[in-house]
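Peer 1: Listed here are the chains, written in short residue letters.
Protein chains: 2
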Amino acid sequence: MKKYIPVLKKTKLFAGIANDEIASMLLCLDAQVHHYKKGEYVLREGEHLSNIMILVGGRLHIQKDDYWGNRSILEQISMGEMFGEAYIAPESEPLLNDVVAAEDSVVMFFNAKQIITTCSSACRFHTMVVQNLFFSISEKNRKVVRKLSHMSKRSIREKLISYLSEEATRQNSSSFAIPFNRQQLADFLFVDRSAMSNELSKMRKEGLLEFERNCFKLL
Amino acid sequence: MKKYIPVLKKTKLFAGIANDEIASMLLCLDAQVHHYKKGEYVLREGEHLSNIMILVGGRLHIQKDDYWGNRSILEQISMGEMFGEAYIAPESEPLLNDVVAAEDSVVMFFNAKQIITTCSSACRFHTMVVQNLFFSISEKNRKVVRKLSHMSKRSIREKLISYLSEEATRQNSSSFAIPFNRQQLADFLFVDRSAMSNELSKMRKEGLLEFERNCFKLL
DNA sequence: TCCTTTTTGTTGTAAAAACAACAGACTTGT
DNA sequence: ACAAGTCTGTTGTTTTTACAACAAAAAGGA
Chain L
0 MKKYIPVLKK
10 TKLFAGIAND
20 EIASMLLCLD
30 AQVHHYKKGE
40 YVLREGEHLS
50 NIMILVGGRL
60 HIQKDDYWGN
70 RSILEQISMG
80 EMFGEAYIAP
90 ESEPLLNDVV
100 AAEDSVVMFF
110 NAKQIITTCS
120 SACRFHTMVV
130 QNLFFSISEK
140 NRKVVRKLSH
150 MSKRSIREKL
160 ISYLSEEATR
170 QNSSSFAIPF
180 NRQQLADFLF
190 VDRSAMSNEL
200 SKMRKEGLLE
210 FERNCFKLL
Chain B
0 MKKYIPVLKK
10 TKLFAGIAND
20 EIASMLLCLD
30 AQVHHYKKGE
40 YVLREGEHLS
50 NIMILVGGRL
60 HIQKDDYWGN
70 RSILEQISMG
80 EMFGEAYIAP
90 ESEPLLNDVV
100 AAEDSVVMFF
110 NAKQIITTCS
120 SACRFHTMVV
130 QNLFFSISEK
140 NRKVVRKLSH
150 MSKRSIREKL
160 ISYLSEEATR
170 QNSSSFAIPF
180 NRQQLADFLF
190 VDRSAMSNEL
200 SKMRKEGLLE
210 FERNCFKLL
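Protein chains in written order, with numbering that gives the first Met the number 0: chain L, 0 to 218; chain B, 0 to 218.
Since the hints were derived computationally from the structure, they do not count as laboratory data. Be aware that one or more of the hints could be misleading.
The list cannot tell twin chains apart, which means a pair is met if one copy fits it or any two copies do.
As the list claims (entries may be wrong) - 20 Å max Cα-Cα, derived EDC-like pairs, lysine to aspartate or glutamate: (1) K152 x D64; (2) K142 x E46; (3) K152 x D65; (4) K2 x D19; (5) K9 x E90; (6) K2 x E211; (7) K142 x E209; (8) K11 x E90; (9) K152 x E165; (10) K8 x E90.
Note that this is a predicted model, so its numbers are computed, not measured.
Let the hints inform the model, and build the full structure from the sequences given.
Peer 2: This is the structure in structure tokens:
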């Protein structure tokens, strides 16, 4: 458990909190560690949540498969990101999507009630965590809205440009790796893989970008 | 100002707070009222926010126009809903979209810092508001994810079914009105209006639904 | 009321995407 | 090293969507 404190320290939720403070909070917040193999389900659609979770190792996909087997990847969760936080409100509906390990992953569970109910004595920094929680969910919110903007684009090409540009900006370089293979990227952009591959090739021919596997360079 | 207290009382943010408590908080939170005519901009892309806003009259669209004049409506804000809350975090980027009055509207502005910084004495209920704020943004989050699910559908027909089903569920009836005209619905679903109109007609012929103007009935 | 503007549905055509099928490159495990 | 499986790009076909243009219906204003 303690070995994840350095990771937690870097998260938005525990920003500005000292290591030993985090350690004491782990007890107060009822922290638990779970391990998942690639492909395993962390959460399933329809579940009721009473925990807030932080990914401390690996990578997760928040996704949904429809009746015909079409998969849609709504979000990707990377190291240090929080998830599940939107479903702990008292009148919240059950989880809308599945959460699946995209690679071997480690997740920490925290008792949600303990987080949002500021405790009386022990944890001096609890108030700060509540505020951090709000800032974290704010960031998540903006992330989803950005994704929605990608999806508002009408053509595969525009969606690709929109997404790849964001990645280039985020990684602060015109050369960057993405955390998806082709099929996953297609599922993430809600388009057909072969059509997308085709479009990528066209764009390369036109000199808009270069790529190899999951590495891209915008020109 | 005081005339909006009954509206505020029904919002998620002020849930469980007595009328006179709200009244005193209006001062503490630096509340201001602004009026907008249909089509007027409430906020513009790129702005930095230091307020949380609640719509107390009318209807707003959170939207974006691209270079070629294609409009995308990302969200609709109805009476009593909060907005802007995701952009007040210290390291938040500027606003990603425009906020426009879809009809004559009234908006209340609250000082964001005052809300998230629990004040010392006067407002006994301030702690509750902070918690409400978290639950409100949680709900907003789920709303955006639901919209993302609609958009994950590959065809216009599926998007329509996905959106209309949600409305039917939300309004708890198979007959319901939607808050969009055809062009706005198309902008909201990120598709072409005429193609969508066409698809609606086909669906009506096939007996899937009935409609007239903005009133729909699922069969 | 009449005129103007907006909204909606319809049609035909061009463009784009989905779908299916396959081959070659690359991985992985034995 | 080999076999099995996965990933990626490519092609041809079918389906769907976008686009443009227009007419009818409805709404709004003078």
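Peer 1: Hints numbered earlier in the text: which of these fail when held up against the supplied structure?
Peer 2: 6, 7
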